[in-house]
Each structure stands twice: as structure tokens, then as C-alpha cells.
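Peer 1: Sequence:
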Amino acid sequence: MHSAAAPHAPLVQVGKADVSAEDVLAVARGNARVEIGPDALAEMAAARARIEALAAEPRPVYGVSTGFGALAVRHISPELRAQLQRSLVRSHAAGMGPAVEREVVRALMFLRMKTLASGRTGVRPLVAETMAAILNADITPVVREFGSLGCSGDLAPLSHCALVLMGEGVATGPDGAERPAGELLAAAGIEPVELLEKEGLALINGTDGMLGMLVMAIADLRRLFTTADITAAMSLEALLGTDKVLAPELHAPIRPHPGQALSAANMLAVLKGSGLTGHHQDDAPRVQDAYSIRCAPQVAGAGRDTLAHAQLVASRELAASVDNPVVLPDGRVESNGNFHGAPVAYVLDFLAIAAADLGSIAERRTDRLLDKARSHGLPAFLADDPGVDSGLMIAQYTQAALVSENKRLAVPASVDSIPSSAMQEDHVSMGWSAARKLRQAVENLGRILAVELTAAARALEIRRQAGASGDLAPATAAALAAARAAGVGGAGRDRFLSPDLEAAATLVASGELVRAVERVTGPLA
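If you count the sequence shown from 1, position 219 lands on 219 in the numbering used here, and the numbers rise without skipping.
Hints in this document: simulated from the structure, not taken from any laboratory.
You can trust all of the hints, since none of them are fake.
Pair ranges (Cβ atoms, derived):
#, residue 1, residue 2, range
1, G176, A94, 20 to 26 angstroms
2, V287, A525, 27 to 33 angstroms
3, G37, P523, 30 to 36 angstroms
4, D416, L250, 37 to 43 angstroms
5, L80, L328, 26 to 32 angstroms
6, A422, Q83, 17 to 23 angstroms
7, G331, M96, 36 to 42 angstroms
8, P10, H75, 45 to 51 angstroms
Idealized CB from N, CA, C, for every residue including glycine.
Make a model of the complete structure from these sequences and hints.
Peer 2: Here it is in C-alpha cells:
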């Protein structure tokens, strides 16, 4: 059940200045209240005056006194312009499929409101203020999975939101139940908006859906990259590997990729004080650890650098005022192509590749922990009585299935384009689709790392129970304790395993695993 933003909830004020990724997360996930600052209201009023002046002129102006897309050749008379805006929103609210997540819709609405507040779209202040009221009342338009091509903006998703602004369509209220939008607005004391010239178009012509999902994916992946460094360190320790490959002088000084150095430093911090590392020359001598162990910082580091690039693109898009046409500071109203989602779509796809590869290397470490021929003294499948017990055999199957799905999800959406609107919109970004599959890939990655955590924790516990030649590192011991406290069971006879894996996934998703380790190591990157 959802609750409307309470008076004491955090407040995000939207002004002429850019909003931050933290603002988006606060509104989308933290239920923060929003308000439009006085500077933005004044800017909107000035831009609106320019639109109204153009509307009074006899010459046609796109989006103000014409149709849209391939129908832009028709000049619309003043008495039909309100109907034009209503018709635009109603016809474009054509999504299909399951409803997308509440946090996605809240991010989408907030980002559209941010652009309206910039004064570049020419809508009345009332429109943005009503969007803020809907967010604050915890009314969430029902937006469907399919309908956006990521060009001319996220047209269908934004149209479903604009429809609710008009008091039409369906939405969910504070209790999460789906009801007619008009009923929900009335219950919250919100007056539906009668859209005037340009306003319907301004409500639907942005990259807000794909951008909101990018911002949330970046936040989630930042946590998961740190988590992966922790689980990789646990696997290295359980496999009696060497931490010498993590030495700082082997990274930034001779291969200056910043992400690689950060991941190596994280792993080294997690392994500090371990009595199990460095035994690769003992009973089963090996000159080097396998790539999945030795190259963990290189792979995770490349993903971190990809994430940094995505953050740069997101920050630029957060500073943008995406609409067509736009009202320029000098009063001109100009058409443009800024609604094209290519910049966002590319990094959404790039992150899906990084997520797939990070999961892939984590699965290889898990497989090594379970294989008696390669685990350096651990029992087959980490089972209590191999042959009678199967241990974590099928946990690795589940992990492999998730890795395989992420490889499929890594196929880029942004290389596709299907022309639309009678060939007026003849090249589109598919950015919404890139964002939707990235969300699934990120969720899958969390589960993949949860399986590695389960296996590495059990392997470390077995080492400790067997009287290994050294103690666990304090940080990996803290990770093991956090897993046990969260309900991830330890070594022993076979049992119903799914609850253990779900508990591990919750531990990863909540960030508590990282926090438990950081209480020992201090902040990790």
C-alpha cells in the first residue's frame, strides 16, 4: 500500500536550475513532495505570454496552431485548438501491456514537470502546478509497457500521464488500487486541467521515461558494482587465491583506468587481514589464479567506467529542456529534434552490456567454488555429503539461467528503428525499450551476485569449520555474518534452497551487505 506524501516528507523544489539525480530518486522512490519555485513560475508565465501572442497571429506555428507529425500541414482554427490538444493526448495514450512500475511513472512525471518549469515549453504555470499536486497526492497514472519508440519523446507513456492531468484515463491512488482518474483527482481536491494551445504537445514530447529509468539504473548499479567487489573478494579468499594481484601499483600507475583501480582497492580492503589468501602455492600449487579471480578488477572496473560515462550523459539530459517547439530566451519559438532519445538509448544499452558481463564473471567464480577439481579442497558442490546431498548444484543452474537471460538482454535496442507517422518520424531511438530491458538486467544481476554470495559464504564457512590454516578477513567474516543474520543458511544437509537465495537477493538489493562490510572497512567505492 502506498501513502500520499505527508507534510513532513522531504521537499524537492523545482526552479529554473537543473534538478539532480538525487532529486529524481527522492521523488520516484522516496515519495518526496514537490513544488514549483517562484522563479520558475515567473519564467513559465513569460513564455506562455509569447505562445498566446503567436496563437493570435494568422500565420501557422507548429504545435500552437497546426496539427502534429505528418499532420502538421493543417492550420487549426482557434475554436478547435483546445479540442486539438485533448485529441492529441487521447489518441497518443495508446499503450498496451502490463502497467510499468510506480517509481518509473513518478520519475517520468517529475522529469516532465521539471521541463515544463524551465519556461522553454510555453505552458501555463497551472499545468506544472497540477502535476505537482498529483505527485503529492500519490496518484500514479497507469502507464503501459509498450507504446514508446523513444523518439518524439516517450509519447505513449507521457500521454497516459497527461490524460490523468485532464481527469481522464486510469490511475492508482495512495492505496495502490486502480480507479478512474477523475475520481482520484476529485477525492484529492485537484481540478482537472483544460489544455490550451501547445500544452498537450508539451506534456508528451520528452525523453523523461527513459531518463528516469537511466537515473534509477545508475543508482542500482553503483551499489551492485560494490557488491560484486565484495563477493569476488569472498570467492578469492574461499579459493585460497592470492591478493597480490590487487596491489595498487599494478593498476592506476601502469593501466590508468579509474574503475579498475577502484575495484582492486575495494577487494584489497575487503581481504585485509585474511589468513586464507596466498595459499595458491600450498597443496595444489598454481602460478596464477583463473581469470575470473585474477581479472575481477579489470572486468568490474570496465563496468564502473561505463557507469561513469552513463552518469555524464544523464547529467546532461537532466540539464536539458526537451520539447518541440521550444520557447527560446529571446522569445523565438523554434522547432528542433531534441526529443530524439539516441544519447540516452546508447548508454542504456551500454549499461546492459556491462551488467551482463559482470554477471557472467560472477557465475564463473561460483562454478569454480562448486567444482571439486578446481576448488582446492572444498567438497563437491559444497554439499554436506556429496552424492547423497546436491549442495548448491542447482543454485548455479539458476544463476546460469539468469546470466544467459542477461546476455540476451544485452543485445542493443538502439540499433533498431521502425519508421512511423507516415515516414515523418523515419528514424527512432528505441530508448524506452533499452531502458525496460536494462531494468530487468539490473534485477537479474542482483540475483546473480546473491548466488555467488551464497556459495562464497558457504565455502568460507566450510574452510573455517575444517580448521583452515588462517582466519577469515574481518570484512568477509562480517559479510558471512550478515548473510546468516538475513536468513541465508550455512553448510549442512540439503534443505529447501529457494528461501536462502531469496534472502541473499534481498540482502544485496537492500544494500545491507555493503553496509555490513563497510562497518569494518570504512567506505568502499
